[in-house]
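**Q** Now for the letters of each chain:
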Amino acid sequence: MSTYALELSNVTKSFGKTAIIRGVNLAVSKGERVAVIGPNGAGKSTLFNLISGRFEPTSGSIKLHGTEIIGQRPYEISRRGLARSFQITNIFSRLSVFENLRCAALYASGQKYSFWKPLSKLTELNDRTEALMASIELKRRRDVPASLLTYSEQRALEVGITIAGGGDVILLDEPTAGMSHSETDRFVHLIRTVTVGKTLLTVEHDMGVVFGLADRIAVLVYGEVIAFDTPDKVRADPKVQEAYLGAVLESEGAH
Amino acid sequence: MTSPNSSTPSALRPLHFKPLNGVRIVVWTTYALILLALPLVAQSSFALTLLCMTGIAAVACLSYNMLLGQAGMLSFGHAVYTGLGTFVAIQTMNKILGGWPLPMWLVPLVGGFAGLGFGALLGYVTTRKAGTPFSMITLGVGELVFASALMFPEFFGGEAGINSNRTGGTGWLHDLGLTFGPQIQVYYLIAIYLFICTAAMYAFTMTPLGRIANAVRDNAERAEFVGYDTRWVRYLIVMVSSFFAGVAGGLTALNVEAATADLLHGVRSGGYLLFTFLGGVGFFFGPIIGAVLLVFSLVVLSEITKAWQLYVGVIFLIMVVYAPGGFSALLMLNLRRIKYGEWRKMRWPYAGMMFFGLIALWGIAAIVEMAYQIQVAAGSGSEVTIAGIALDSSSHTSWAVAIAVMVAGGAAFEYWRRKFAKVWSDGEERIAEAAKKAEAAIV
Chain A
380 MSTYALELSN VTKSFGKTAI IRGVNLAVSK GERVAVIGPN GAGKSTLFNL
430 ISGRFEPTSG SIKLHGTEII GQRPYEISRR GLARSFQITN IFSRLSVFEN
480 LRCAALYASG QKYSFWKPLS KLTELNDRTE ALMASIELKR RRDVPASLLT
530 YSEQRALEVG ITIAGGGDVI LLDEPTAGMS HSETDRFVHL IRTVTVGKTL
580 LTVEHDMGVV FGLADRIAVL VYGEVIAFDT PDKVRADPKV QEAYLGAVLE
630 SEGAH
Chain B
3 MTSPNSSTPS ALRPLHFKPL NGVRIVVWTT YALILLALPL VAQSSFALTL
53 LCMTGIAAVA CLSYNMLLGQ AGMLSFGHAV YTGLGTFVAI QTMNKILGGW
103 PLPMWLVPLV GGFAGLGFGA LLGYVTTRKA GTPFSMITLG VGELVFASAL
153 MFPEFFGGEA GINSNRTGGT GWLHDLGLTF GPQIQVYYLI AIYLFICTAA
203 MYAFTMTPLG RIANAVRDNA ERAEFVGYDT RWVRYLIVMV SSFFAGVAGG
253 LTALNVEAAT ADLLHGVRSG GYLLFTFLGG VGFFFGPIIG AVLLVFSLVV
303 LSEITKAWQL YVGVIFLIMV VYAPGGFSAL LMLNLRRIKY GEWRKMRWPY
353 AGMMFFGLIA LWGIAAIVEM AYQIQVAAGS GSEVTIAGIA LDSSSHTSWA
403 VAIAVMVAGG AAFEYWRRKF AKVWSDGEER IAEAAKKAEA AIV
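Quick mapping for you: the protein sequence lines, in order, are chains A and B.
First residue of the first sequence: 380, per the working numbering; consecutive thereafter.
First residue of the second sequence: 3, per the working numbering; consecutive thereafter.
Rather than coming from a laboratory, the hints here were simulated on the basis of the structure.
Glycine included, each C-beta is placed from N, C-alpha and C at the ideal position.
Be careful, since some hints might not be right.
[Claimed, not checked] DSS-like cross-link-like pairs, simulated, lysine-lysine; straight-line CA separation at most 30 Å: (1) A/577 / A/612; (2) B/131 / A/396; (3) B/439 / A/518; (4) B/438 / A/491; (5) A/612 / A/500; (6) A/518 / B/438; (7) B/341 / A/518; (8) B/131 / A/496.
[To be verified] To give a feel for the contact side, a few chain B residues facing chain A, derived at Cβ under 10 Å: (9) 219; (10) 231; (11) 370.
Sequences are here, hints too, so could you generate the full structure?
**A** As structure tokens, then:
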């Protein structure tokens with residue numbers, strides 16, 4: 380297979396005169412788990428926004444399964460199999476947990492905009508939603524409006540909505556942000572199990588999570604990828620040491 | 003674990019056994035019976051007129067709530083679709099009188115398709131934006147359509163409007179005596195359309211598109227990221243809503259046999275918004291309560307007092323601030339109390355609030371009516387009667403009594419309101435605890 384699941388070439392993004400992303404090249408193979416790390420303000424979230432169509436890049440090319448997706452709307456990119464989560468929880472606040480997940484799976488299930496069939500008759504979709512709800516451990520909160528969930532439950536729902544549609548390229552933007560250590564451990568395990576066989580990109584600050592989860596690590600500094608390799612090689616890379624990782628590894632007590 | 007369809011043992015699969023939903027059958031049967039029996043209770047021709055207007059308003063308000071409650075779209079131009087439905091329906095009725103082989107009872111459906119057509123045409127423009135820009139555009143489109151109505155007198159009949167006659171037409175029902183001459187026949191036609199439209203709109207809330215409208219209401223951005231073109235969702239919802247609005251317009255055509263340009267006016271659109279909100283946008287049946295209030299205010303209250311708009315305005319303000327869920331939410335909150343066995347504790351606070359609230363209301367009404375008599379209707383004397391008690395707007399005693407009653411009633415009301423608030427919040431805690439226990443029982 381020569382086509383990558385996701386391929387970015389020379390992607391740049393400027394807001395006014397400020398260049399946030401300055402020529403990113405990144406090729407992610409199918410089924411690979413990639414962690415994007417970098418200091419605050421390096422452009423990690425912006426990069427995700429460019430890939431998922433929230434913003435349009437200033438120049439460059441982004442290919443999803445070999446198809447150029449620049450200029451497409453977020454819903455078009457989503458229909459091509461790219462799903463993303465948000466750093467700041469972005470859920471359907473007044474809908475119940477179950478409805479949140481079902482809505483997220485609805486388009487991909489082939490229902491699209493249909494209004495000639497009651498939701499209750501969509502047995503296969505409903506089963507799948509129940510199973511997903513169980514796998515993100517929100518079964519007992521099934522009928523609770525999403526706005527009333529605890530923070531970590533909302534984070535789990537955020538990931539649930541992201542994977543519900545069955546997208547095969549998943550972008551997770553700081554999925555464990557704001558969680559305690561024990562919650563993080565459980566959550567990383569959860570992410571691992573629900574993304575088996577999928578291509579995963581995740582922005583993450585917790586180095587324990589990064590080294591535990593990723594096949595390869597992309598280091599983003601000032602809008603450029605300065606290293607993209609296996610965790611061990613990235614850890615040993617003097618450029619990375621200098622720019623970023625050394626300081627973080629020392630302060631985190633080096634896993 | 004990730005592919006539940008292939009690997010989950012059958013014993014662990016979610017169950018799909020659902021007994022026929024008894025509550026639902028009871029509710030819909032009761033609804034149908036009420037619609038059937040209402041004319042027996044209200045036998046005067048005035049009452050029948052009120053019932054007809056209420057039925058039509060219920061269809062219109064329910065269709066408005068598809069936008070506001072279901073999809074979060076605050077439209078200031080809903081009367082465009084009801085009104086254009088009426089005009090097309092009146093024109094169709096005149097064609098039927100001219101020999102078109104269409105039975106009269108299908109006219110509301112013609113109105114519906116007119117609504118759908120105009121929804122497709124105008125909605126294409128209004129739904130380009132969401133949120134506040136959407137509201138602004140609907141306001142502009144509403145003004146535009148109203149102005150056009152006066153510009154095309156051939157179709158809209160200019161200032162005088164157009165008339166028709168519902169008793170014409172052909173068809174076997176007509177031959178059997180269903181001529182729509184008697185108002186009672188029109189009532190039952192409205193009732194049938196209302197029942198079918200209510201059922202159809204309720205069913206719509208349970209479909210994929212209906213649910214995605216909720217998702218777009220809650221978080222349009224996220225809906226885009228799970229594959230939905232939110233503009234297309236808004237456009238479809240406007241079309242469906244306009245269809246039912248057009249049916250309401252067609253029923254109006256049969257009911258009053260005339261159409262004037264004010265049917266399209268923004269004031270009417272504002273009325274749908276105001277009363278749908280008062281009824282409550284959070285529950286499906288809320289707009290039906292809103293429709294009852296709409297007809298009551300427009301017809302009954304305006305007979306009782308010239309200052310009726312002032313009272314409606316004040317009630318609207320109070321509801322927006324203290325009960326944004328409208329009357330349907332108040333009803334459901336109290337039903338929840340009953341379910342958890344909490345209602346008994348609130349009987350006395352409720353009675354106290356009601357009693358002193360009415361006394362305070364008398365004082366307020368007396369002040370408003372006397373002020374109105376002096377400022378607006380001075381020519382017709384100074385006597386005012388409030389709930390059977392005669393007052394004189396030129397007498398100091400009357401004013402003193404009114405103010406004293408308002409203050410005393412208001413103070414007593416406030417005393418009971420505080421008691422009520424205490425009982426209410428205590429109950430809320432107990433209910434939250436019970437709900438938590440129920441949740442913990444789910445494994």
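**Q** Next step is simple, just say for each hint if it's right about the structure.
**A** Hints, one by one, checked against the model:
1. A/577 / A/612: With a Cα-Cα distance of about 23 Å, the restraint between residue 577 of chain A and residue 612 of chain A holds, given a limit of 30 Å.
2. B/131 / A/396: Satisfied, since the Cα-Cα distance of roughly 29 Å is no more than 30 Å.
3. B/439 / A/518: Given pair residue 439 of chain B, residue 518 of chain A holds - Cα atoms ~15 Å apart, limit 30 Å.
4. B/438 / A/491: Violated, because 36 Å separates the two Cα atoms, which is more than 30 Å.
5. A/612 / A/500: violated, 52 Å
6. A/518 / B/438: Between residue 518 of chain A and residue 438 of chain B the Cα gap is close to 14 Å, so the pair holds against 30 Å.
7. B/341 / A/518: holds, 24 Å
8. B/131 / A/496: holds, 28 Å
9. 219: Holds - the Cβ of residue 219 of chain B comes within 10 Å of chain A, reaching about 8 Å at its closest.
10. 231: Holds: closest Cβ of chain A sits about 5 Å from residue 231 of chain B, inside 10 Å.
11. 370: It is violated, given that the least Cβ distance between residue 370 of chain B and chain A is near 38 Å, above 10 Å.
Of the hints listed earlier, those the structure fails to meet are numbers 4, 5 and 11, in rising order.
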